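Each protein sequence line maps, in turn, to chains A and B.
Residue numbers 1 to 194, in the working numbering, belong to the letters of the first sequence in order.
Residue numbers 1 to 253, in the working numbering, belong to the letters of the second sequence in order.
There could be a bad hint or two in this list.
[Stated by the list, open to error] For lysine to any residue, the following SDA-like pairs were computed, each having C-alpha atoms within a straight-line distance of at most 25 Å:
#: 1; chain 1: A; residue 1: K171; chain 2: B; residue 2: R202
#: 2; chain 1: B; residue 1: K20; chain 2: A; residue 2: G172
#: 3; chain 1: A; residue 1: K36; chain 2: A; residue 2: V46
#: 4; chain 1: A; residue 1: K129; chain 2: B; residue 2: R202
[Stated by the list, open to error] From the derived model, a few chain A residues whose C-beta atoms are all more than 12 Å from chain B:
#: 5; residue: V9
#: 6; residue: G13
#: 7; residue: I49
#: 8; residue: C79
#: 9; residue: V127
#: 10; residue: Q128
#: 11; residue: K160
#: 12; residue: N164
#: 13; residue: M183
Keep in mind the hints are simulated off the structure, nothing from the lab.
From a predicted model like this one, the values you see are computed outputs, not experimental measurements.
Glycine residues also receive a C-beta, built at the ideal position from the N, C-alpha and C atoms.
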Amino acid sequence: METVKELLVILVGSSLVSNVVLSQFLGLCPFLGVSKKTNTAAGMGVAVIFVITLASAVAGLMYRFILQPLHIEYLQTICFILVIAALVQFVEMFLRKAIPSLYEALGVYLPLITTNCAVLGVALTNVQKEYGILAGIVNGFATAVGFTVAIVILAGLREKMEHNDIPESFKGMPAVLLTAGLMAIAFCGFSGLL
Amino acid sequence: MGKTNSMTSAGERLVNGLVKENPTFVLMLGMCPTLAVTTSAMNGFGMGATTLVVLALSNLIISLLRNIIPKKVRIPAFIVIIASFVTVVQLLLEAYLPFLNDALGVYIPLIVVNCIILGRAESYAYSNSPVSSLFDGIGMGLGFTVALTCIGAVREVLGTGKIFGAKIMPQAFTPIGIFVLAPGAFFVLAVLCALQNFVKIRGARAGKDTSKIGSGCSEDCMHCGEKGCGKRKFYDDDDDLAVEDLSETEDAE
Chain A
1 METVKELLVI
11 LVGSSLVSNV
21 VLSQFLGLCP
31 FLGVSKKTNT
41 AAGMGVAVIF
51 VITLASAVAG
61 LMYRFILQPL
71 HIEYLQTICF
81 ILVIAALVQF
91 VEMFLRKAIP
101 SLYEALGVYL
111 PLITTNCAVL
121 GVALTNVQKE
131 YGILAGIVNG
141 FATAVGFTVA
151 IVILAGLREK
161 MEHNDIPESF
171 KGMPAVLLTA
181 GLMAIAFCGF
191 SGLL
Chain B
1 MGKTNSMTSA
11 GERLVNGLVK
21 ENPTFVLMLG
31 MCPTLAVTTS
41 AMNGFGMGAT
51 TLVVLALSNL
61 IISLLRNIIP
71 KKVRIPAFIV
81 IIASFVTVVQ
91 LLLEAYLPFL
101 NDALGVYIPL
111 IVVNCIILGR
121 AESYAYSNSP
131 VSSLFDGIGM
141 GLGFTVALTC
151 IGAVREVLGT
161 GKIFGAKIMP
171 QAFTPIGIFV
181 LAPGAFFVLA
191 VLCALQNFVK
201 IRGARAGKDT
211 SKIGSGCSED
221 CMHCGEKGCG
231 KRKFYDDDDD
241 LAVEDLSETE
251 DAE
């Protein structure tokens, strides 16, 4: 019972309270770069959920069963980034060959995630907070869900304000960043949840 | 003659990194650490200095090894070299500057995925001589450090009324706390971007070349091309492979 409660706390905490983009600033490039349309944003979000959940599972297993027994925990950064990058590449190859329909939908986003800081960030946070493997996977999933929620909301807002009359210098990225800032204020409200 | 040449090129690289192609103010690269650690001038400076060390060393080593690293697996090779230096720097910080290590936390290992470092490796160090690559790294690192310190200083002054921990604002000034919190980072960057746009629009009217400004992550990810994250494939299969070729590639892995 206690563990279920802990997992729920991680789930809410990582997806809403300390949102990966809006309060930790990880994965900012795709957040700003792929949020022009809601459907591409949602596609990116699904790809991120898929990759981060898988990557935190693999990184957790590797840390527990390879790095810890050999006492080479200090190599975690190198190992994690290589494993994650290779994993994304293999997922891309596998999807291209085995499930072409899914590859059509997610394939274009996968290279963008290879060296995304959110993926490595989650793996490192899992180690730092001493999460077990299951807790790590839940944390990864929740973080990615948080990313998806944020990017889809931002894309929706951007679609709405596309034709607004804003000062010339603030057109484009500055307006998007201001929107993101206001979203961050709104997400601060979740801090009362836990 | 040769020496003067290399001296001018070193100086030119430094100026290039600091001013002409400043990674933050001009190219808009490496936004994650820029926003995350600039809660104070000191943190910004620490992050910038750490990145400088990693950038200079990895540029040097990648340039020295540029004839040995095969083109197809260059990205994993770059990543290994960069990650090794990051690990070294992280261990040194833990030992000698623990307060900085605690303040920067997970963002130190995340230097590995900083677009600036991989970007410089790919676009400069892999095709240039060791000396100019080293200075390119130092120049870019200095540019990054200056930018982060400035952003950190602005946020610290507005958010706490202090700079480098020393109080400078008059008693009557009420600190605007939000500037040291997450939303403040977005607002400061938005203003910075707007200033950049302003310069760009005015430059374009005056007929100057403004193509370099904001060519980094301020564009659409899907079309950002050479420098962007989209090109960073782990295993570089030059052109798009046809599906039937794929089994071969997998065997080769």
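Comparing the hints with the structure gives:
1. Straight-line distance between C-alpha atoms of K171 (chain A) and R202 (chain B) comes to about 14 Å, which keeps the hinted pair within the 25 Å bound.
2. For the hint pairing K20 (chain B) with G172 (chain A), the CA-to-CA distance comes to about 23 Å; that is within 25 Å, so the pair holds.
3. Distance restraint check for K36 (chain A) and V46 (chain A): the Cα-Cα separation of roughly 16 Å lies within the 25 Å cut-off, and the hinted pair is therefore satisfied.
4. With a C-alpha separation of about 49 Å, the suggested pairing of K129 (chain A) with R202 (chain B) is violated against the 25 Å cut-off.
5. The non-interface label for V9 (chain A) is consistent with chain B: the shortest C-beta to C-beta separation is roughly 20 Å, beyond 12 Å.
6. Consistency note on G13 (chain A): stated as away from chain B, and its beta-carbon is indeed over 12 Å from all of that chain's, at 15 Å minimum.
7. Under the 12 Å C-beta cut-off, the non-interface status given to I49 (chain A) relative to chain B holds; the minimum distance is some 18 Å.
8. At roughly 9 Å from the closest C-beta of chain B, the C-beta of C79 (chain A) falls inside 12 Å, breaking its exclusion from the interface.
9. For V127 (chain A), the condition that its CB be more than 12 Å from all CB atoms of chain B is violated, with the nearest at approximately 10 Å.
10. A beta-carbon of chain B is positioned within 12 Å of the beta-carbon of Q128 (chain A); the least distance is around 6 Å.
11. Taking the minimum C-beta to C-beta distance to chain B, about 18 Å, the non-interface status of K160 (chain A) holds against the 12 Å cut.
12. No Cβ of chain B comes within 12 Å of the Cβ of N164 (chain A); the nearest lies about 15 Å off, and the non-interface call holds.
13. For M183 (chain A), the condition that its CB be more than 12 Å from all CB atoms of chain B is violated, with the nearest at approximately 8 Å.
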